[in-house]
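Undergrad: In case you want the letters, here they are:
Number of protein chains: 2
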Amino acid sequence: MHRLRTNSSTAEDLLIELDRDRSRAEPLHRQVAASIRESVRAGRLRHGASLPPSRTLAAGLGVSRGVVVEAYQQLVAEGYLTSRAGGYTQVALEPGTGPGPAPRTRAREAPPAVDFGYGHTDVSTFPRAAWLRSVRTVFAATPNERFAYLDGRGVPELHQALADYLNRVRGTSADPKDMVVCSGFGQGVSLLIQVLAARGARRLAVEDPSPDDDARPLAAAAGLDVVGIPVGPDGIRVGELEKADADAVVLTPSHQWPTGGVLSAAARARVIRWAQRRGALVIEDDYDAEYRYDRAPVGAIQGLAPDRVVYCGTASKTLVPGLRLGWMLVPPHLVDDVAQAKLLADRGSAVIDQLTFADFLGRGEFDRHLRRMRPVYRRRRDALLAALDTHLPELTPTGIAAGQHVVAWLPPDLDEAAVVAAAARRGVALRGVARYRLDPAGPGGLIFGYATLSERAIARGIAALARAVADVRAA
Amino acid sequence: MHRLRTNSSTAEDLLIELDRDRSRAEPLHRQVAASIRESVRAGRLRHGASLPPSRTLAAGLGVSRGVVVEAYQQLVAEGYLTSRAGGYTQVALEPGTGPGPAPRTRAREAPPAVDFGYGHTDVSTFPRAAWLRSVRTVFAATPNERFAYLDGRGVPELHQALADYLNRVRGTSADPKDMVVCSGFGQGVSLLIQVLAARGARRLAVEDPSPDDDARPLAAAAGLDVVGIPVGPDGIRVGELEKADADAVVLTPSHQWPTGGVLSAAARARVIRWAQRRGALVIEDDYDAEYRYDRAPVGAIQGLAPDRVVYCGTASKTLVPGLRLGWMLVPPHLVDDVAQAKLLADRGSAVIDQLTFADFLGRGEFDRHLRRMRPVYRRRRDALLAALDTHLPELTPTGIAAGQHVVAWLPPDLDEAAVVAAAARRGVALRGVARYRLDPAGPGGLIFGYATLSERAIARGIAALARAVADVRAA
Numbered sequence: 079m080h081r082l083r084t085n086s087s088t089a090e091d092l093l094i095e096l097d098r099d100r101s102r103a104e105p106l107h108r109q110v111a112a113s114i115r116e117s118v119r120a121g122r123l124r125h126g127a128s129l130p131p132s133r134t135l136a137a138g139l140g141v142s143r144g145v146v147v148e149a150y151q152q153l154v155a156e157g158y159l160t161s162r163a164g165g166y167t168q169v170a171l172e173p174g175t176g177p178g179p180a181p182r183t184r185a186r187e188a189p190p191a192v193d194f195g196y197g198h199t200d201v202s203t204f205p206r207a208a209w210l211r212s213v214r215t216v217f218a219a220t221p222n223e224r225f226a227y228l229d230g231r232g233v234p235e236l237h238q239a240l241a242d243y244l245n246r247v248r249g250t251s252a253d254p255k256d257m258v259v260c261s262g263f264g265q266g267v268s269l270l271i272q273v274l275a276a277r278g279a280r281r282l283a284v285e286d287p288s289p290d291d292d293a294r295p296l297a298a299a300a301g302l303d304v305v306g307i308p309v310g311p312d313g314i315r316v317g318e319l320e321k322a323d324a325d326a327v328v329l330t331p332s333h334q335w336p337t338g339g340v341l342s343a344a345a346r347a348r349v350i351r352w353a354q355r356r357g358a359l360v361i362e363d364d365y366d367a368e369y370r371y372d373r374a375p376v377g378a379i380q381g382l383a384p385d386r387v388v389y390c391g392t393a394s395k396t397l398v399p400g401l402r403l404g405w406m407l408v409p410p411h412l413v414d415d416v417a418q419a420k421l422l423a424d425r426g427s428a429v430i431d432q433l434t435f436a437d438f439l440g441r442g443e444f445d446r447h448l449r450r451m452r453p454v455y456r457r458r459r460d461a462l463l464a465a466l467d468t469h470l471p472e473l474t475p476t477g478i479a480a481g482q483h484v485v486a487w488l489p490p491d492l493d494e495a496a497v498v499a500a501a502a503r504r505g506v507a508l509r510g511v512a513r514y515r516l517d518p519a520g521p522g523g524l525i526f527g528y529a530t531l532s533e534r535a536i537a538r539g540i541a542a543l544a545r546a547v548a549d550v551r552a553a
Numbered sequence: 079m080h081r082l083r084t085n086s087s088t089a090e091d092l093l094i095e096l097d098r099d100r101s102r103a104e105p106l107h108r109q110v111a112a113s114i115r116e117s118v119r120a121g122r123l124r125h126g127a128s129l130p131p132s133r134t135l136a137a138g139l140g141v142s143r144g145v146v147v148e149a150y151q152q153l154v155a156e157g158y159l160t161s162r163a164g165g166y167t168q169v170a171l172e173p174g175t176g177p178g179p180a181p182r183t184r185a186r187e188a189p190p191a192v193d194f195g196y197g198h199t200d201v202s203t204f205p206r207a208a209w210l211r212s213v214r215t216v217f218a219a220t221p222n223e224r225f226a227y228l229d230g231r232g233v234p235e236l237h238q239a240l241a242d243y244l245n246r247v248r249g250t251s252a253d254p255k256d257m258v259v260c261s262g263f264g265q266g267v268s269l270l271i272q273v274l275a276a277r278g279a280r281r282l283a284v285e286d287p288s289p290d291d292d293a294r295p296l297a298a299a300a301g302l303d304v305v306g307i308p309v310g311p312d313g314i315r316v317g318e319l320e321k322a323d324a325d326a327v328v329l330t331p332s333h334q335w336p337t338g339g340v341l342s343a344a345a346r347a348r349v350i351r352w353a354q355r356r357g358a359l360v361i362e363d364d365y366d367a368e369y370r371y372d373r374a375p376v377g378a379i380q381g382l383a384p385d386r387v388v389y390c391g392t393a394s395k396t397l398v399p400g401l402r403l404g405w406m407l408v409p410p411h412l413v414d415d416v417a418q419a420k421l422l423a424d425r426g427s428a429v430i431d432q433l434t435f436a437d438f439l440g441r442g443e444f445d446r447h448l449r450r451m452r453p454v455y456r457r458r459r460d461a462l463l464a465a466l467d468t469h470l471p472e473l474t475p476t477g478i479a480a481g482q483h484v485v486a487w488l489p490p491d492l493d494e495a496a497v498v499a500a501a502a503r504r505g506v507a508l509r510g511v512a513r514y515r516l517d518p519a520g521p522g523g524l525i526f527g528y529a530t531l532s533e534r535a536i537a538r539g540i541a542a543l544a545r546a547v548a549d550v551r552a553a
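Chains W and S, in that order, give the protein sequences.
79 is the number of the first residue of the first sequence in the numbering used here; add one for each residue after it.
79 is the number of the first residue of the second sequence in the numbering used here; add one for each residue after it.
Isolated chain W (complex conformation) (with noise of 0.2 Å):
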């Protein structure tokens, strides 16, 4: 008995022990079957997965071709396999006890009624048909070449596209070739950490409060001091920040993260001097800008300073997280730093991602999904506030008609983590501004974001939210 593999095709892939001594019983299409069978029942073949045609097949191993058609037709009937219209054939059976991976199972805990988590943009608004004619256009259009290896800045016609609109609509001083496109604010500041941390930046400042999954921990992994500056209503106090002796600081200007502030002219002014002063870096992160409701934004800080500033913007939060486009104006100094971090970290963002963005961006339709869902947010920031101002007056609301979130102070006699879990208890579930802190000194306060929730869950979530500090008040 013999081990065979076919060759040039995926027959070759199929382990089928054929024993040609003819006058054993087992006729050979019996010998095929029993090897399938076999890969089935041991997940090697699992449910699903396409076999080779029978031609195909038949002709790697040397035997006719009804040889393999009725050792299918005997799977088929056995369950085993399934054949499909297009001609071919396909695995039917879920992998038995064998020694094959176990099904994946996952269990869910079951989802709290309100969830006011931060982070849930509301992809049913996914522009899809628009998304996939750009993907149609780009795949008529692009010429092969373009879908080999890149340089780690990104494609060109994403620089273009990308700087036409940043100038336009954020007052940056966008040059596309001081551009990198990378696939959000995470790997953004990543490898603008791995850069600094390079060159013998030994400090980051973050605001305080600020996010605690992205450039806090990145730069602790790169052995960089993090420092907290505190966040006032106007953004961080800018004293602090000059005495806290930092390589670099992670900004949110045009809407502070969580607390909704917007950095004051002359704290920007102060920020730019601080940085040209000590050579240091701003990473502006500039998350929602697009979605303010009251007035037009506040430019980006970059416009002021694009030798001192790095301005980050993303699609996650104004289109959807799971695209992973994100983008980065880089000061002509470290940019080819920027651009071989990237290079060495992932050879570049996908290409055909990167040129329908820019497709989608040149005809506009980035502008009409951001017009279309202004109302939108706006409409549920709304009713937030009005639920609040209705069931829970002794909260106070602050930041700016902006984003996806809203942050409320807790008044002093009603502790923060208390009221978390009585919410979570009354299927409510959100989260405090203190895990976000790094000086845990401060007041309570609630964050609610409102990206996923209709006006009507909105209602209903509060008015549960004052049951619950009615429980922490009654305990």
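Among the clues, some could well be false.
Just so you know, same-sequence chains aren't split out, so a pair can sit in one copy or run between any two.
Unchecked claim - The list that follows gives simulated cross-link-like pairs (lysine to any residue, SDA-like), each with its CA atoms no further than 25 Å apart: (1) K255 x D291; (2) K255 x R115; (3) K321 x A519; (4) K321 x D286; (5) K321 x R294; (6) K255 x Q168; (7) K255 x G126; (8) K255 x I350; (9) K321 x P384; (10) K255 x D414.
These aren't lab readings, by the way, just hints derived from the structure by calculation.
Fit chain S to the known structure of chain W by using the hints.
TA: Chain S only, in chain W's frame:
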């Protein structure tokens, strides 16, 4: 004179200065036109950028729509804007001499007549129609919530489709839950090195010669020592590995890059024993195993020891690099750390691309593509070997009948660098083996990538190379 921005539309992003003092001579439409003209001239609005619909801009500015229509018409007449069929208006003019970014100029050198550089996948064969069909299926079938943020492993559909494929084709022991989707071998090895360094690894062994642009610089950047293990005709010399005091080794067991050997069965078993004894990790770079022309490819060594081997695969060689899709089978004790590193690095690979590839695999399109490409690459390889035999019989091709490149050793009296330089003068681009060696000793050799070259171009290139060799001998 005041500055006005409009609300809730793209128009807000146009800085338009209107003087509403009607006693002034300048009509409103001229003021609007002047503002837009200035934006175009200054490069704030660039070639191809879309303008807001006239109705939107008019509403935002609080002027009649006719004012905006007249302004647009004026600028179309002047050549600044173009009126497009869909009813929208775009910037037509290339930016002038204002302070905007300069037009992108890209100096291109004349390409070599024949380029044997490695890494040029034949992107012209990318099955666009089949891929686009899968994109369409994904857009039609994917629930909204799938476009949200991900965990670091990737989407389960792709885990399952790849496990099916790899277990069938590469003899791996793949459990979908131990799979991490990444953007190619470069990112995969970057994540692995981060995890190893965080766990205290100090030394990474690599094959000598081996690629100089992924594991080696990444390990050095992470503070690991890099040690080269010499490669013979049957892959690395395991005795040297055993003496190297390494915590991990990067191997290309199916087709050593660049020398083209296969790691022998005895050496595989010995590498696995070494890893088990030391608790070391084997990183298997299975970059082109699907392209073997003489027999079925040798199975992945991951199948021998799933607890000690990380299997790394990529679509860059088999489909196109521009997709940025790779995958790893990670030992269960490391998979959480690797997924966490992926999450921190870029929050996961793009969802649409992953789902598309899963659909593409499930339809059997990947198998079909490989079946179609194998004879194409095989013919190119045969043409290369025939041309070498005819024109340069003194060179010694080495390695198995596989992949997208061949190494040929030079006779001792021919200097590798001299031949490479002489070839360039004859219009033939290629690289020597020397740049990939850690230990500079070793025979001279040339690397011939043939993936993108027609058989005719290959023959022409080798004939020109023969003339270059004659130049060297004559010098």
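Undergrad: None of the hints should be skipped; say for each whether it holds.
TA: Verification of the hints:
With identical chains, the CA atoms of K255 and D291 are at most 25 Å apart between copies only, with a shortest distance of 24 Å across copies and 30 Å within one. In this assembly of identical chains, the alpha carbons of K255 and R115 lie at most 25 Å apart only when taken from different copies (24 Å versus 57 Å within one copy). Taking CA atoms no more than 25 Å apart as the test, K321 paired with A519 passes inside one copy only; the shortest distance there is 20 Å, against 55 Å between copies. When the C-alpha separation of K321 and D286 is checked against a cutoff of 25 Å, the pair qualifies only within one copy, where the shortest distance is 15 Å, while the shortest distance between copies is 50 Å.
For the identical chains of this complex, K321 and R294 are intra-copy neighbours only, at 19 Å inside a copy versus 40 Å across copies, given an alpha-carbon limit of 25 Å. For a Cα distance limit of 25 Å, the shortest separation of K255 from Q168 across copies, 22 Å, qualifies, whereas the shortest one inside one copy, 49 Å, does not. Only between protomers do K255 and G126 lie at most 25 Å apart by alpha-carbon distance; the minimum there is 17 Å, versus 46 Å within a single protomer. Taking the shortest Cα distances, K255 and I350 sit within 25 Å of each other inside one copy (23 Å), while across copies they are farther apart (47 Å).
For a Cα distance limit of 25 Å, the shortest separation of K321 from P384 inside one copy, 24 Å, qualifies, whereas the shortest one across copies, 52 Å, does not. In the homo-oligomer, the alpha carbons of K255 and D414 lie at most 25 Å apart inside one protomer (10 Å), although the nearest pairing across protomers, at 37 Å, exceeds that limit.
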